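S.K.: The primary structure of each chain is shown beneath.
There are 6 protein chains.
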Amino acid sequence: MKIPWQEKPQTCNDVVWRYTENPIIQRDAIPSSNSIFNSAVVPFNEGFAGVFRCDNKAVQMNIFAGFSEDGINWKINENPIDFKAADEGQVIGDYKYDPRVVFIEDRYWITWCEGHNGPTIGIGYTFDFIEFFQCESAFLPFNRNGVLFPKKINGKYAMMSRPSDNGHTPFGDIYMSYSPDMKYWGEHRHMMSPADFKDSAWQCTKIGAGSVPFLTEAGWLMFYHGVINTCNGFRYAMGSAILDEENPHIVKYRTQPYLLTPSELYEQNGDVPNVIFPCASLQDLQEDKVTIFYGAADTVVAIAFGRISEIIDFTKKNSL
Amino acid sequence: MKIPWQEKPQTCNDVVWRYTENPIIQRDAIPSSNSIFNSAVVPFNEGFAGVFRCDNKAVQMNIFAGFSEDGINWKINENPIDFKAADEGQVIGDYKYDPRVVFIEDRYWITWCEGHNGPTIGIGYTFDFIEFFQCESAFLPFNRNGVLFPKKINGKYAMMSRPSDNGHTPFGDIYMSYSPDMKYWGEHRHMMSPADFKDSAWQCTKIGAGSVPFLTEAGWLMFYHGVINTCNGFRYAMGSAILDEENPHIVKYRTQPYLLTPSELYEQNGDVPNVIFPCASLQDLQEDKVTIFYGAADTVVAIAFGRISEIIDFTKKNSL
Amino acid sequence: MKIPWQEKPQTCNDVVWRYTENPIIQRDAIPSSNSIFNSAVVPFNEGFAGVFRCDNKAVQMNIFAGFSEDGINWKINENPIDFKAADEGQVIGDYKYDPRVVFIEDRYWITWCEGHNGPTIGIGYTFDFIEFFQCESAFLPFNRNGVLFPKKINGKYAMMSRPSDNGHTPFGDIYMSYSPDMKYWGEHRHMMSPADFKDSAWQCTKIGAGSVPFLTEAGWLMFYHGVINTCNGFRYAMGSAILDEENPHIVKYRTQPYLLTPSELYEQNGDVPNVIFPCASLQDLQEDKVTIFYGAADTVVAIAFGRISEIIDFTKKNSL
Amino acid sequence: MKIPWQEKPQTCNDVVWRYTENPIIQRDAIPSSNSIFNSAVVPFNEGFAGVFRCDNKAVQMNIFAGFSEDGINWKINENPIDFKAADEGQVIGDYKYDPRVVFIEDRYWITWCEGHNGPTIGIGYTFDFIEFFQCESAFLPFNRNGVLFPKKINGKYAMMSRPSDNGHTPFGDIYMSYSPDMKYWGEHRHMMSPADFKDSAWQCTKIGAGSVPFLTEAGWLMFYHGVINTCNGFRYAMGSAILDEENPHIVKYRTQPYLLTPSELYEQNGDVPNVIFPCASLQDLQEDKVTIFYGAADTVVAIAFGRISEIIDFTKKNSL
Amino acid sequence: MKIPWQEKPQTCNDVVWRYTENPIIQRDAIPSSNSIFNSAVVPFNEGFAGVFRCDNKAVQMNIFAGFSEDGINWKINENPIDFKAADEGQVIGDYKYDPRVVFIEDRYWITWCEGHNGPTIGIGYTFDFIEFFQCESAFLPFNRNGVLFPKKINGKYAMMSRPSDNGHTPFGDIYMSYSPDMKYWGEHRHMMSPADFKDSAWQCTKIGAGSVPFLTEAGWLMFYHGVINTCNGFRYAMGSAILDEENPHIVKYRTQPYLLTPSELYEQNGDVPNVIFPCASLQDLQEDKVTIFYGAADTVVAIAFGRISEIIDFTKKNSL
Amino acid sequence: MKIPWQEKPQTCNDVVWRYTENPIIQRDAIPSSNSIFNSAVVPFNEGFAGVFRCDNKAVQMNIFAGFSEDGINWKINENPIDFKAADEGQVIGDYKYDPRVVFIEDRYWITWCEGHNGPTIGIGYTFDFIEFFQCESAFLPFNRNGVLFPKKINGKYAMMSRPSDNGHTPFGDIYMSYSPDMKYWGEHRHMMSPADFKDSAWQCTKIGAGSVPFLTEAGWLMFYHGVINTCNGFRYAMGSAILDEENPHIVKYRTQPYLLTPSELYEQNGDVPNVIFPCASLQDLQEDKVTIFYGAADTVVAIAFGRISEIIDFTKKNSL
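Protein chains in written order, with my numbering: chain A, 1 to 320; chain B, 321 to 640; chain C, 641 to 960; chain D, 961 to 1280; chain E, 1281 to 1600; chain F, 1601 to 1920.
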């Protein structure tokens, strides 16, 4: 498996840079889609699998499986994932969006925003990206951006999430919760708040976990989104955070500057302008590479690259 | 009279497709204009006439007559329509915008949004697009998007409209009203509500009648706009509805998917980004063609094409 | 018929004074009622009849007939008015509230706030207060406080109303509309706006027609409500207006000071504190007396008295 | 143990009636208190114990233990409950309010609204009302009105709660959640929504569980609060619901009318006018009596009485 | 001169207690008045003079002079103060409300809320309470609650104020500004912010200077108002603060608990329920007495008493 | 010194035209910058100096000095201006943005938006653009867009500003204030309000002073911004005003049409779309030229040109 990669342009002074052929997935990549964005990928077999948010032309939200050999060219199923009940009591939701995927122990776990009289965190799993099972939702509404850790922490599953309201939530902190069994959740801990306007305005309105964290020597490295409420609407940018290895609800470092902010036309124009929304990363620790997948303008999927060591270094040196 | 037309591109799978030379009317098509959009056209003599919303550079709203031989290249008068009083009691409004035009019996009726201590529906008529007469407004404020049917229904004039409030109305249903004389209105019937977010999010905030309906074998076919309230503002898209021939306040079918959504730069950028707002159509029933006129981004006028039979078929098969 | 009356207390310097035994109708005057308020009365036979807003204990709104010999002690039916369709096309509403009653020519007309996907003006009539007929609603939503004139004006029925929105409307002007037949309405005229905060703050947020106007030598005399939006909610007070006899949409005089403002415990405490809401008056022109019926705190019905000549004089001398 | 009781007045036709000596606890019952309200009681030893919400004169919210022999005259501790950590990981909250108390198996469990960067549901227990232990909070913020069932359901603890936002929440449904161990929670089920405005307006804005349910032959009987948003603020009234014995997240009946609405001066005047907020009940099934404890106007504690059989009957016959 | 006084009731444990005959000024104390509240008094000749906010029955706001021998029984002029221009450039305002009065050097200075396209701080003076002069307003809009110090600080006039917005301001801090000449103002210093909700909720929304500070051995003692935004509107209570003698923009102590909160019917009922708004105090340092004048429910004037030494002690011991 | 210049294109009929190579300063012109916009320039030595708003990648706002030989190619310092205290009492603010620069008598004065518990007007000066001194802020919060006149008026400094609130202010008028010493400010005069929606909608929400006025034969000529609140956010355009020479708070003329409105991609796309925000002009009275500097889309700096005589003529002929 080789993750997608492109070297940094010589004129670029930033630690993260865009793929020159962005967006890698167009809004009409499947016949029914209005837009494809905020999607997650993982290594799978010799290549990659992913779970994609495709809104159809009625702007109904659902998640779809897809596959790729190189991580750049994707074949997305034309029908949404058809979950089977993992459990007798499973509740079928009103809609599904913003998936994340992570391999833990023996299977691929998927989390997403699930409609249950308002948004909350749906959980499901697959072994093969063909057959999918839906479990109990993790929390009461209203919640969004549930992101699992790729291994148990002190014997328990760990999930970040962002308690929300039932609209265009104008606030938002990241919390951690733990579970012995992926069914019952507790030990809720507050992790991160938005920054003060005067310290880091791009993340002063709300923040939410983005990609599945991966372990580095410095701790868990995660990409997250931050939002500022301008007089012309919300603007979403991306930062990074380093979490304590043993107690990942402890944030050790977190970028005061953003790593990426909307500045290309495909990030500035679309169904919701000025949005960069990371949902996954692929990393090659040995080659010191990471490829970040993000939704752009709630319309397309794009990728960006970075050197893990540089990002860690930057996060430490520019911590809020 | 031949309506404007361009065949569907081979790569297009949609039932409605854009004109490749859009926008057909630029924002500065007349010297005083800041923007020209949300305008209506009808067949007239050998060619076409139209009533155009031109906001001037003080962003005052008014409506202007214009003429075209081919429906694409338009000559718009440099001065707004100067209405004469049709009636002693006529009230002169504060502003005029978003006109529709329809021929009934012996004359061209024009409806528009009329300022009368808030927006309501203005009514006027012309025989020749040279001399214009203004009648009593149809309703009390607050109302927008008044669209007349092209013939009397059970002996009465019929008008759709959308009761509103005095600002950026965050709700909106379509109602029908009837009148024996174009002066007094009653028999108000509720026609269509916004869709549920989970069923058809593009039209979940408000909807409004767009083009003048025309009669097909399936019933009256109308294009309407639907709005979703995103965290970055309202987005306007277009759908179609089929209304009962005898009782047109009965909606028989209505598209769950949109037919057009803002995705070209001239629809995504402008005075109000992400707006597609249909106000008229030209149809050739024998050739099975329809050409839809819509305002784009509250800045310019664009057109799109479709086969009537395909649109009817699509509307029936994809009905909400 | 003698209208209810009590002489002015010697210590009172105001032109309108309260009945000492207020409220005349308690919130639980019928077994099912949560509250009885905003109700209308007329002379009927030897005594009086009325239409009462009684919200039941589920807080569903409906209107009930009632009778009284003296105008003070009322017997209200325990069941709401059961309207028959006056017309084949009549639409049954979601709820009914805030009735007004007026005798025109041969029958008693009732107007009220009718639920039709939002509030609008319902119309019905009765000859005997036993059998009731419901007609077409007058207007499109959203509207409240429809008040008819007691005779035709220039051959047409005349109704005041207040265009509203679908919530706790924070604005509101009074308009006049005319109809040849009580079915189709038009010739809408703007009558009165809220006052400037600095000129007459008690009526600076919205105003609405209250009682049915009656003709005096000075013109039509009407009591209306005005609202101020304080930091602790809306406060409703009462003023008077004199309208032109021939063209009653012309307001000749209108009190800058209120005539009554909430200051008794039954006006300050209740389901909606600080509300005085007039819906009817009984007048004896020969005796120069008027008795005003008003809802207090959205909970009970109260009355107040005045000398017509004094009120006219006051209105002229203290006009806005 | 005899629960507080007073027979129904002969003039009363309602199923629930107030104690004539209300309020039973004044706002200044302890020296530091600004107000004492929204409090819970249980049988304890020969008499009763309770947990009281006392806001001090800095309007800081905390909960206090208290004792009574007759359930009417209470002695409340002058210092708030000093919780010990039940668990190493326990988080100390910012504030505590609106407690409920219930005996399950071997101890008295207390739930309350706990400040944890926003309101959520705190959990603690005591064996003796002298020594108290605080556990992990049940849920992520934002949540209020957590009410436990008095026994395990299918081997699990069951708790109702109302997901909220971080302000004066203008919406609110009741959900059920289950836990094997009082620490991790899942199996979230939607139970009850606010009613439609036209069906039962007193509960059309939000609802929340009130008293601890108790088992009757008809199922679990619970008193809950419902809220309407008037133009002068929120008004809180009380209804009852009957829940399925085996699957208590299934609501079998629920009153369309309220049982109590603010109509006494101590309910209409206070720190937050027009509030009736039930938090507990004492019942004597053999004597067919229930005594409901409720906070009035966010200022004092009051009680009301009813016959259990009558309430069940009323709830069934007047179900929404 | 003896200030109004009544000894503390034996049952009272508070440092401030109300006058048993409150309110001392009724809403209709002059013929034109709707309400009289938020008013200021000073010793004058052998007795007292005051400036009173009297809203008339058109709810127009203005300020009136008044006189009293004992500080309790007041004779208020029936006409508002008629200011002469102190200066050629003086701007006449739209309205006047919430006056404060203070004697500095040779004259009585009056400050108030002045309408100048929005509220700001008006300034005037009198030598005799007969002839009044209006100066330039102190600040740009939007501002309220301007309170002068009774002597110059470091050679300059000193004024506290609360920057506001043009509506029911939902925020508000107290600032100090200085002026060499009562005409030009600068050296703006931030003094006090609202408290955190969890520390002192009664003053968590906004605060504003109340009475003119007077010098004690502990520093300047001032009474101020604090506001909490409940779901039923703003509630205004009163606290005290001790300011540094030399640099009075330095707040040394400030009560975490309130001194007075609305709990009498005349404070809970009125044009704006639940308001206590102090605007003045009279003090007798030798007798260790202070009498506080406050507006109640935006309707009447009331007074309360305290021992200066006890208040200072309480403020120090219960400081935020 | 020659100001930047480009002749009007032949196809242009407007009085102001854009530079063809806009934007002249890119968002990443210095390594740390996220965006550079809303900046001011003045003639300095043989060329030009400027003060630039550069938001860094944490979106912290600060102002930076820069220099240019031709007014088009700028070298901006990589570190923000490091102000020294001009005065012992100077308060250091939370942030700095939107600078203006003007030479008066012997030095360059800089004004900007200064964070002091909310935005207000900061004042500083320099003699050489190397050493900078910060003075007392001019006003209490909340204020923005403070613009000084280039010479004293009647012996006093004169500054325009726009009183604001602490968020995305939805209102805003321009006021004038005067000061004898740049420290204490008074004599506040209202200058200009937003226009009525129906008269000039582009400036109907708020307006603010833009460039430093310069004296012409017609009076002071200033460019200002006007804002309309669309359903997709605020749109900022530019107009001109002519102020009375002697009493510059008297507005003699003011353009009803805008001079520039967002219509290029760099004005329509960026951190805040649809913004044109003028902060400075360079003029050559002899050559009848003016070059206007404006921020575009809160992201970059652009320039536009005009003939002074034409602008004056246009302003007079098209005055509101």
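Simulated from the structure, these hints should not be mistaken for lab results.
None of these values were measured; they are calculated from a predicted model.
Idealized CB from N, CA, C, for every residue including glycine.
Treat the hints with care, since some could be wrong.
Computed list of lysine-lysine pairs in DSBU-like fashion (alpha-carbon distance at most 30 Å, straight line) [stated by the list, open to error]:
| # | chain 1 | residue 1 | chain 2 | residue 2 |
| --- | --- | --- | --- | --- |
| 1 | E | K1364 | E | K1478 |
| 2 | F | K1798 | C | K892 |
| 3 | E | K1478 | A | K252 |
| 4 | B | K395 | F | K1608 |
| 5 | A | K75 | A | K156 |
| 6 | B | K503 | F | K1798 |
| 7 | D | K1277 | D | K1035 |
| 8 | D | K1035 | E | K1597 |
| 9 | F | K1752 | F | K1798 |
| 10 | D | K1044 | E | K1597 |
| 11 | A | K156 | D | K1111 |
| 12 | C | K956 | C | K724 |
| 13 | C | K715 | B | K476 |
| 14 | A | K156 | D | K1277 |
| 15 | A | K198 | F | K1798 |
| 16 | C | K715 | C | K956 |
| 17 | B | K476 | C | K892 |
| 18 | B | K503 | A | K75 |
| 19 | B | K476 | C | K792 |
| 20 | A | K151 | A | K289 |
| 21 | B | K572 | B | K476 |
| 22 | C | K838 | C | K642 |
| 23 | F | K1608 | E | K1364 |
| 24 | E | K1288 | D | K1035 |
| 25 | D | K968 | A | K156 |
| 26 | D | K968 | D | K1044 |
| 27 | E | K1596 | E | K1532 |
| 28 | D | K1111 | D | K1276 |
| 29 | D | K1035 | E | K1478 |
| 30 | C | K838 | F | K1675 |
| 31 | F | K1917 | B | K404 |
Calculated Cβ distances over 10 Å to all of chain B for the following chain F residues [claimed, not checked]:
| # | residue |
| --- | --- |
| 32 | A1686 |
| 33 | I1704 |
| 34 | K1798 |
| 35 | D1799 |
| 36 | A1801 |
| 37 | I1828 |
S.K.: Next step is simple, just say for each hint if it's right about the structure.
M.R.: Do the hints match the structure? See the list:
no. : hint                 : result
1   : E:K1364 with E:K1478 : violated (48 Å)
2   : F:K1798 with C:K892  : holds (28 Å)
3   : E:K1478 with A:K252  : holds (27 Å)
4   : B:K395 with F:K1608  : holds (26 Å)
5   : A:K75 with A:K156    : violated (34 Å)
6   : B:K503 with F:K1798  : holds (26 Å)
7   : D:K1277 with D:K1035 : violated (40 Å)
8   : D:K1035 with E:K1597 : holds (27 Å)
9   : F:K1752 with F:K1798 : violated (37 Å)
10  : D:K1044 with E:K1597 : holds (28 Å)
11  : A:K156 with D:K1111  : holds (28 Å)
12  : C:K956 with C:K724   : violated (44 Å)
13  : C:K715 with B:K476   : violated (44 Å)
14  : A:K156 with D:K1277  : violated (48 Å)
15  : A:K198 with F:K1798  : violated (38 Å)
16  : C:K715 with C:K956   : violated (38 Å)
17  : B:K476 with C:K892   : violated (37 Å)
18  : B:K503 with A:K75    : violated (59 Å)
19  : B:K476 with C:K792   : holds (25 Å)
20  : A:K151 with A:K289   : holds (21 Å)
21  : B:K572 with B:K476   : holds (21 Å)
22  : C:K838 with C:K642   : violated (41 Å)
23  : F:K1608 with E:K1364 : violated (56 Å)
24  : E:K1288 with D:K1035 : holds (26 Å)
25  : D:K968 with A:K156   : violated (56 Å)
26  : D:K968 with D:K1044  : violated (43 Å)
27  : E:K1596 with E:K1532 : holds (8 Å)
28  : D:K1111 with D:K1276 : holds (24 Å)
29  : D:K1035 with E:K1478 : holds (26 Å)
30  : C:K838 with F:K1675  : violated (53 Å)
31  : F:K1917 with B:K404  : holds (28 Å)
32  : A1686                : holds (42 Å)
33  : I1704                : holds (34 Å)
34  : K1798                : violated (4 Å)
35  : D1799                : violated (7 Å)
36  : A1801                : violated (4 Å)
37  : I1828                : violated (7 Å)
Hints 1, 5, 7, 9, 12, 13, 14, 15, 16, 17, 18, 22, 23, 25, 26, 30, 34, 35, 36 and 37, counting from the list given before, are not met by this structure.
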